[in-house]
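Visitor: Sequence:
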Amino acid sequence: MAPKRVSHGQKGLFSTIYDEATNPENNTIVRSLIVFGVGVAFLHSSLGEILLPPM
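Quick note: the sequence shown uses numbering that gives the first Met the number 0, first residue 0, plus one each step.
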């Protein structure tokens with residue numbers, strides 16, 4: 000008698016996102032998104048007022 004085959008279900012959303020984010024092929028895209036997010040957070044914070052010219 001042949002052994003039963005276990006069918007693996009599809010991966011979940013978060014595990015798929017994690018696998019793609021840690022893929023070395025997508026390294027530059029992930030790094031660019033992180034730098035963009037840090038830049039937006041900096042400009043949105045009170046530290047972003049340092050860049051304003053004095054009035």
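These aren't lab readings, by the way, just hints derived from the structure by calculation. Quantities reported herein were computed from a predicted structural model and do not represent experimental measurements. One or more of the hints may lead you astray.
To be verified - Restraint-style ranges between C-beta atoms, simulated for each label pair: (1) 52 with 15: 44 to 52 Å; (2) 39 with 18: 42 to 50 Å; (3) 31 with 2: 25 to 33 Å; (4) 45 with 13: 44 to 52 Å; (5) 4 with 42: 32 to 40 Å; (6) 4 with 34: 42 to 50 Å.
By construction, the Cβ of each residue, glycine as well, lies at the ideal position given by its N, Cα and C atoms.
Visitor: Against the earlier hints, flag every one the structure doesn't satisfy and list their numbers going up.
Guide: The structure conflicts with hints 2, 3, 4 and 5, although it agrees with all the remaining ones.
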